[in-house]
Amino acid sequence: MSGHSTYIPKSGIEKWLDSRLPIIRLAHDSFVDFPTPRNLNYWWTFGAILSFMLAVMIVSGIVLAMHYTPNTALAFGSVEHIMRDVNYGWLIRFIHANGASMFFLAVYIHIFRGMYYGSYKAPREVLWILGVLIFLLMMATAFLGYTLPWGQMSFWGATVITNLFSAIPLVGEQLHTWLLGGFSVDNAALNRFFSLHYLLPFVIAGVVVLHIWALHVPGNGNPLGINVKGPQDTVPFHPYYTVKDVFALSIFLLFYMGIVFYKPEFFGNPDNAIPANPLVTPAHIVPEWYLLPFYAILRSIPDKLAGVLAMFGSIAILFVLPWLDTSKVRSGRFRPLFQIFFWLLLIDTIVLGYVGGNPPEEPLLTVGRIATFWYFLHFLIILPVLGLIEKPKKLPESIAAAVLPKGAMAASVKP
Amino acid sequence: MAEAHSDDVTRRDFLYVATGSFAAVGAGFAAWPFVHQMNPAANVLAMATTEVDLTPIEKGQSIKVLWQGKVVFVRHRTEEEITAARAVPLDELKDKKAENPSLKPDAPATDENRAIKPEWLVVIGVCTHLGCIPLTNEGEYKGWFCPCHGSVYDTSGRIRKGPAPENLHVPPYAYKSDTTILIG
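Protein sequences, first through last, are from chains U and H. Read in order, the letters of the first sequence are residues 1 to 415 in our numbering. Read in order, the letters of the second sequence are residues 1 to 184 in our numbering.
Isolated chain U, as found in the complex (with noise of 0.2 Å):
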């Protein structure tokens, strides 16, 4: 909860700088001294892995910008240039490449946390959808990088996706040729998209600033998803979340070097080794892993402009969500029979991502389907229903006589 200051200034530059710009006590009421809910899982670590990650794609993405030409007849080149010739460059871009992937990887546990815990409730509904704008603009940024290498598959899969914009009545044609500076993707499109690319993640920054702001207001939900009653159900963050944070962190980084180091083109398409070619459409186009499921849903409708709106449609689903579930009970812990469509909805998108990455033929044609009609049903129809027909189970009387034994309750937050 955000109470009044605990910082006290001690030297006397500390005092001096606390009175003209008090940084370092926002930064010690923010992240040292702030109560957090003592019940936090591990789930919960993910906002700070999903920080430290931006900051790695931002300083190894600067450093690549250094060696990288965004001109079509250099920047394959320049890419293999930095593969080869730049000291390291090979792993700051096994980094780069590789840290999107588990960027995104850890933006959907932290997005599936918040649906199970219903982080989205009143009264985080602006953090949500922050949380939801950082996607939006995550996604665009991975799109626009992906085309830098201008390999076949980036490539082509610009040349899909700014054509969805031609699928607009009556602008749709001059956005698109708008948006390319030509009427197709070529050097004009390249050496935008790097710009944009380079700009967007400095936008995310600052909506991360107001992401973790519009947390810090009510505070951090938690798992039991009651409100926290008073200090004995909060603790300082640092050491203790700080450490929990660190460990994940150190864990989650585990995974990646592994990748990074072992298994580098794992999520790589080969067609992207090969140079762009305007005359030759390769047999497959698929996008990264992590936009598959959206690739799954646009595919799904035969229809042109319908296609497009229902894959917009997906992500601006979620904008809204905290005003589709009806249910006065915050965390999927007690509500049973929410947990059972909470699964399905999980199960429902990887489904849509093994669907966005094979050709749209049958079965996986029908099966891509109903896993899309499914997708929007439980948003727009379980979740409503749910709320209102459920038979929630008891909640506990607060946090600390949730996790504390019996007689323990007088005890108070230690430093």
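Because the hints were derived from the structure by calculation, they are not lab data. Note that this is a predicted model, so its numbers are computed, not measured. Virtual Cβ for every residue (Gly too), placed ideally from N, Cα, C. One thing to keep in mind: the hints can contain errors.
To be verified - If we take Cβ atoms under 7 Å as the criterion, some of the chain H residues that face chain U in the derived model are:
| no. | residue |
| --- | --- |
| 1 | PRO33 |
| 2 | PHE34 |
| 3 | HIS36 |
| 4 | GLN37 |
| 5 | ASN39 |
| 6 | ALA41 |
| 7 | ALA42 |
| 8 | ASN43 |
Said to hold, decoys possible - Across the chosen pairs, the derived CB separations fall in these ranges:
| no. | chain 1 | residue 1 | chain 2 | residue 2 | range |
| --- | --- | --- | --- | --- | --- |
| 9 | U | ALA65 | H | PRO147 | 38 to 48 Å |
| 10 | U | PRO239 | H | ASP8 | 15 to 25 Å |
| 11 | H | TRP32 | U | LEU388 | 51 to 61 Å |
| 12 | H | ASP13 | U | GLN339 | 42 to 52 Å |
| 13 | H | ARG12 | U | TRP43 | 24 to 34 Å |
| 14 | U | VAL209 | H | LEU103 | 51 to 61 Å |
| 15 | H | LYS104 | U | GLY181 | 53 to 63 Å |
| 16 | H | VAL9 | U | THR326 | 50 to 60 Å |
| 17 | H | THR19 | U | VAL209 | 23 to 33 Å |
| 18 | H | ASP13 | U | ALA55 | 25 to 35 Å |
| 19 | H | PRO101 | U | ILE8 | 56 to 66 Å |
| 20 | H | ARG12 | U | THR326 | 44 to 54 Å |
| 21 | H | GLY184 | U | TRP90 | 21 to 31 Å |
Since the structure of chain U is already known, use the hints to place chain H on it.
What follows is chain H alone, placed relative to chain U:
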């Protein structure tokens, strides 16, 4: 459990220091690639040497080659130019150092110290004043003359008049054969 007074070093202190050092070393290892990537890449290092074929250069002629992005004069000196260079007493020179990285830093600026074989003078063609490329066979000593601010160099590339503080620098070079040199 032994009790620890507040000023004794505890196991916790040891753990903190050990973990902190480990993390610091790890951070150093992680940071190094990001620092080292800005050092010259393999293709730049490959361009670090320039080979020059001396056969087409006639006596009295001087050519310019590029080495590490800089101009290098390769001058096929005449007998008069060599004699004139070797006749200069050292105390007449503004810069008494040879400016030759293959020798000790305080080696004197004798013509012998500036050219491996006397008929071939190889010097970096960048005026030591503010970096212009001097004009060959110009100036009072018929060495070089820098038109930017009037520096005058002799037939050994040494500064004689004008604002330049140092002799034209000799690059590291060696004879691959009688007719080829490798600069760098």
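Structure-based check of each hint:
Below 7 Å, beta-carbon pairs count as interface contacts, and H:PRO33 has one with chain U at about 4 Å; its hint therefore holds. For H:PHE34, the suggested interface contact is upheld, since its CB lies about 6 Å from the closest CB of chain U, less than 7 Å. The criterion of a C-beta within 7 Å of any C-beta in chain U is met by H:HIS36, whose closest approach is roughly 5 Å, and the hint holds. For H:GLN37, the interface hint holds, the least distance from its beta-carbon to any beta-carbon of chain U being 5 Å, beneath 7 Å.
With a cut of 7 Å, the hint placing H:ASN39 at the interface with chain U holds, because the nearest CB-to-CB distance is about 6 Å. Annotation: H:ALA41 was flagged as interfacial toward chain U, and the flag holds, the nearest CB pair being 4 Å apart, inside 7 Å. For H:ALA42, the suggested interface contact is upheld, since its CB lies about 4 Å from the closest CB of chain U, less than 7 Å. Here the hint on H:ASN43 is kept, as its CB sits about 4 Å from the closest CB of chain U, short of 7 Å.
A hinted range of 38 to 48 Å for the beta carbons of U:ALA65 and H:PRO147 is consistent with their spacing of about 40 Å. For the pair U:PRO239 and H:ASP8, the supplied restraint of 15 to 25 Å holds, since their beta-carbon distance comes to about 22 Å. Between H:TRP32 and U:LEU388 the Cβ separation comes to about 59 Å, which falls inside the hinted range of 51 to 61 Å. For H:ASP13 and U:GLN339, the Cβ-Cβ distance of about 46 Å falls inside the hinted range of 42 to 52 Å, so the restraint holds.
The hint said 24 to 34 Å for the Cβ distance between H:ARG12 and U:TRP43, and at roughly 29 Å that hint holds. For U:VAL209 paired with H:LEU103, a C-beta distance near 59 Å keeps the hint of 51 to 61 Å intact. Taking the beta carbon of each, H:LYS104 and U:GLY181 are about 60 Å apart, inside 53 to 63 Å as hinted. Roughly 59 Å separates the CB atoms of H:VAL9 and U:THR326, a value that falls within the hinted 50 to 60 Å.
For the pair H:THR19 and U:VAL209, the beta carbons lie near 30 Å from each other, so the given range of 23 to 33 Å is met. Between H:ASP13 and U:ALA55 the beta carbon distance is about 30 Å. The supplied range of 25 to 35 Å therefore holds. Between H:PRO101 and U:ILE8 the CB atoms are about 59 Å apart, so this pair conforms to the stated range of 56 to 66 Å. Restraint check, H:ARG12 to U:THR326: a C-beta distance of roughly 50 Å satisfies the suggested window 44 to 54 Å.
A hinted range of 21 to 31 Å holds for the C-beta pair H:GLY184 and U:TRP90, which are about 27 Å apart.
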